[in-house]
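Chemist: Below are the chains, spelled out letter by letter.
2 protein chains.
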Amino acid sequence: MTTPLQTENQFVLIYMFRLRSFIDSARNISTMAQCKLLTADNVKSFVNSFDNVLADCDGVLWNGMEAIPGSPETINQFIKMGKKVFFLTNNSTKTREEFLSKCHKLGFEATVDNIYSTAFAAASYLKNRGFNKKVFVVGSKGITQELDKVGIKHFGEGPDILPDDIVSYVKRGVTLDPEVGAVIVGFDDHFSYIKMLKAASYLLKPEVLFIGTNTDERFPSSEQSIVIPGTGCIVEAVRLAADRDPIVLGKPSPYIFDVMAKEYNLDPSRTIMIGDRMNTDILLGKNCNLQATLLVLTGVTYQSDVERLVTSPTKDDVIPDYYLPALGDLLPLL
Amino acid sequence: MTTPLQTENQFVLIYMFRLRSFIDSARNISTMAQCKLLTADNVKSFVNSFDNVLADCDGVLWNGMEAIPGSPETINQFIKMGKKVFFLTNNSTKTREEFLSKCHKLGFEATVDNIYSTAFAAASYLKNRGFNKKVFVVGSKGITQELDKVGIKHFGEGPDILPDDIVSYVKRGVTLDPEVGAVIVGFDDHFSYIKMLKAASYLLKPEVLFIGTNTDERFPSSEQSIVIPGTGCIVEAVRLAADRDPIVLGKPSPYIFDVMAKEYNLDPSRTIMIGDRMNTDILLGKNCNLQATLLVLTGVTYQSDVERLVTSPTKDDVIPDYYLPALGDLLPLL
Chain L
9 MTTPLQTENQ FVLIYMFRLR SFIDSARNIS TMAQCKLLTA DNVKSFVNSF
59 DNVLADCDGV LWNGMEAIPG SPETINQFIK MGKKVFFLTN NSTKTREEFL
109 SKCHKLGFEA TVDNIYSTAF AAASYLKNRG FNKKVFVVGS KGITQELDKV
159 GIKHFGEGPD ILPDDIVSYV KRGVTLDPEV GAVIVGFDDH FSYIKMLKAA
209 SYLLKPEVLF IGTNTDERFP SSEQSIVIPG TGCIVEAVRL AADRDPIVLG
259 KPSPYIFDVM AKEYNLDPSR TIMIGDRMNT DILLGKNCNL QATLLVLTGV
309 TYQSDVERLV TSPTKDDVIP DYYLPALGDL LPLL
Chain V
9 MTTPLQTENQ FVLIYMFRLR SFIDSARNIS TMAQCKLLTA DNVKSFVNSF
59 DNVLADCDGV LWNGMEAIPG SPETINQFIK MGKKVFFLTN NSTKTREEFL
109 SKCHKLGFEA TVDNIYSTAF AAASYLKNRG FNKKVFVVGS KGITQELDKV
159 GIKHFGEGPD ILPDDIVSYV KRGVTLDPEV GAVIVGFDDH FSYIKMLKAA
209 SYLLKPEVLF IGTNTDERFP SSEQSIVIPG TGCIVEAVRL AADRDPIVLG
259 KPSPYIFDVM AKEYNLDPSR TIMIGDRMNT DILLGKNCNL QATLLVLTGV
309 TYQSDVERLV TSPTKDDVIP DYYLPALGDL LPLL
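Here the protein sequences come in this chain order: L and V.
Here the first sequence is numbered in our numbering, starting from 9 and rising by one per residue.
Here the second sequence is numbered in our numbering, starting from 9 and rising by one per residue.
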């Protein structure tokens with residue numbers, strides 16, 4: 009026999025349990041309903057839903073120096089259809105002009121104004137703030153040339169090697185340039201312990217800006233037996249040494265899209281993002297409330313990842329709205 | 009007017025609220041009650057509470073090549089009082105014998121068996137597993153000499169510099185040694201992008217062991233204007249590139265204490281840890297259920313940190329039982 013009091017307590021607890029279950033299942037439904045394969049059935053409403061395309065480059069348009077088959081034709085078809093196409097890359101190793109030249113060489117119709125790279129973003133970020141000090145660069149010529157174009161002084165690019173050992177190095181005295189007002193960390197294939205020491209030391213001053221171009225952990229690579237570490241590994245090492253968080257300009261940070269949206273009056277609800285990486289490209293789409301995200305499987309994400317997303321998504325997953333094995337698969341559907 | 013049903017619902021909710029408040033306040037009390045200054049009033053019960061002392065080295069016993077005043081006399085007094093003293097360092101740059109020689113030079117009575125460093129720990133970890141393959145070492149001679157002592161083959165120590173750029177490097181073909189069965193990452197002042205690439209590539213094989221000596225982010229340094237990045241920055245960069253977590257042997261991992269406790273039959277409830285770093289030394293004490301932890305302020309932690317711990321601890325704080333400005337302050341109290 010139950011007393012009214014027991015019944016009421018049970019009611020409260022059961023109600024709370026049901027509310028919780030309802031919230032959990034609603035969350036599941038909202039994630040499960042996504043990551044649809046683009047097919048002849050749904051492509052028309054998809055294509056009509058946007059005017060602007062943000063296309064990631066490595067792993068979507070090309071891998072290394074090879075265009076991914078079908079990608080140039082699909083991008084060019086978008087342009088023919090009157091869509092505005094922007095090339096949006098976290099890669100900080102090239103200037104806008106170098107990317108343009110690569111686009112043309114691989115068959116993509118592009119103009120320099122449609123190319124947004126993180127090296128360009130880093131330079132324009134400082135320029136827009138009226139920055140007039142020096143930059144210590146952990147990065148490559150892509151960054152230093154973009155800085156040159158806006159007249160910002162810099163140093164640090166290229167090899168910086170410890171001639172002996174850290175004890176002798178510190179004993180000789182480390183000279184830091186008092187004119188440094190920012191540290192930019194991008195991809196640097198000459199990254200070294202000494203560069204990390206210098207970057208972290210400059211960042212001891214709270215007024216020195218700390219800019220990370222992006223946080224991608226690995227480059228997509230056709231060579232399956234080696235890992236090509238990405239900028240994210242370098243940014244993270246400096247972040248830990250400096251005990252400070254960087255301003256990250258690349259995807260998934262909305263910074264670059266905000267700049268583009270202002271310049272071209274882009275409506276996020278008429279803009280899509282196409283990418284190969286969940287935690288940068290697809291997350292950018294979510295962070296900027298874009299109309300839709302399209303994942304392609306020609307870069308760092310595989311069919312098995314999509315299967316896991318569809319069958320057992322977790323609350324931490326970033327789920328694309330659509331996916332395709334390759335961007336070129338869209339062409340016959342257009 | 010309230011109905012019995014409303015009253016009962018309110019009762020349940022109020023009870024749950026009170027239970028939550030009680031848990032929160034109990035948690036606060038347990039953290040607030042710690043971090044006491046050692047004084048003449050509480051030193052006797054403290055000293056009688058332990059037989060074994062684990063002493064961190066950098067920032068507690070010495071800074072660089074200078075003993076911290078009073079530290080040698082205090083350690084030697086512990087030994088005179090019949091306490092067993094162990095020198096427990098996350099520093100992976102020296103062999104046990106080199107640490108012993110440093111101890112003697114700076115006035116600490118020590119024997120080689122009482123010295124536990126992470127270079128020694130890494131070599132003994134592999135030896136105890138019957139490891140018979142090669143080790144790729146991101147680290148210094150401390151590690152390679154300890155490996156030599158137990159007859160384990162290795163390579164990777166010393167400078168490894170990119171002669172040109174990563175694209176050319178990958179194009180030439182990266183040769184990985186198929187005999188590698190472990191990657192050890194310790195402190196490496198010649199850490200470079202290429203070392204990170206190789207380490208992460210070896211770690212693509214799940215059967216290759218991934219050992220990190222420790223995760224300290226910075227070295228304590230008397231030079232306030234520069235940061236000397238610690239092993240933690242290097243381990244983290246490789247961890248991100250490899251997309252795998254390492255086995256960490258140094259503090260706060262209980263690994264070294266477990267080895268010592270077995271060898272010397274140490275009772276954790278009669279053992280204390282003395283250190284300068286909250287997230288390694290003091291956390292080790294908590295992780296191993298040691299009798300007490302004593303924080304000293306001659307390394308990376310300052311009086312202002314202690315004041316914050318006492319006045320506004322957060323749930324993530326690791327709180328030492330006692331603190332002293334310097335280990336030597338204990339000497340007149342003994």
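Fair warning: there could be bad hints in the mix.
A pair counts as met if it fits within one copy or between any two copies, since identical chains are not told apart.
As the list claims (entries may be wrong) - Derived lysine to aspartate or glutamate pairs resembling DMTMM-like cross-links, with alpha carbons at most 25 Å apart:
| # | residue 1 | residue 2 |
| --- | --- | --- |
| 1 | K135 | D185 |
| 2 | K142 | E165 |
| 3 | K149 | D275 |
| 4 | K52 | E187 |
| 5 | K157 | E271 |
| 6 | K141 | E315 |
None of these hints come from the bench; they were simulated from the model.
Chemist: Checking K135 and D185: alpha-carbon separation at most 25 Å within a copy, between copies, both or neither?
Modeler: within (21 Å within a copy, 47 Å between copies)
Chemist: As a check of your reading, is K142 near E165 (CA-CA no more than 25 Å) within one copy, between copies, both or neither?
Modeler: This pair counts as within: shortest intra-copy Cα distance 13 Å, inter-copy 35 Å.
Chemist: Within, between, both or neither: how does the pair K149, D275 come out at a Cα-Cα threshold of 25 Å?
Modeler: Result: close neither inside a copy nor across copies, 33 Å intra and 58 Å inter.
Chemist: With 25 Å as the alpha-carbon cut-off, assign the pair K52 and E187 to within, between, both or neither.
Modeler: For K52 and E187, neither the intra-copy (56 Å) nor the inter-copy (54 Å) Cα distance is at most 25 Å.
Chemist: Within a copy, between copies, both or neither: where do K157 and E271 come within 25 Å Cα-Cα?
Modeler: Intra 19 Å, inter 64 Å, cutoff 25 Å: intra-copy only.
Chemist: Please work out whether the CA atoms of K141 and E315 approach to 25 Å or closer within one copy, between two copies, in both situations, or in neither?
Modeler: neither (50 Å within a copy, 37 Å between copies)
Of the hints listed earlier, those the structure fails to meet are numbers 3, 4 and 6, in rising order.
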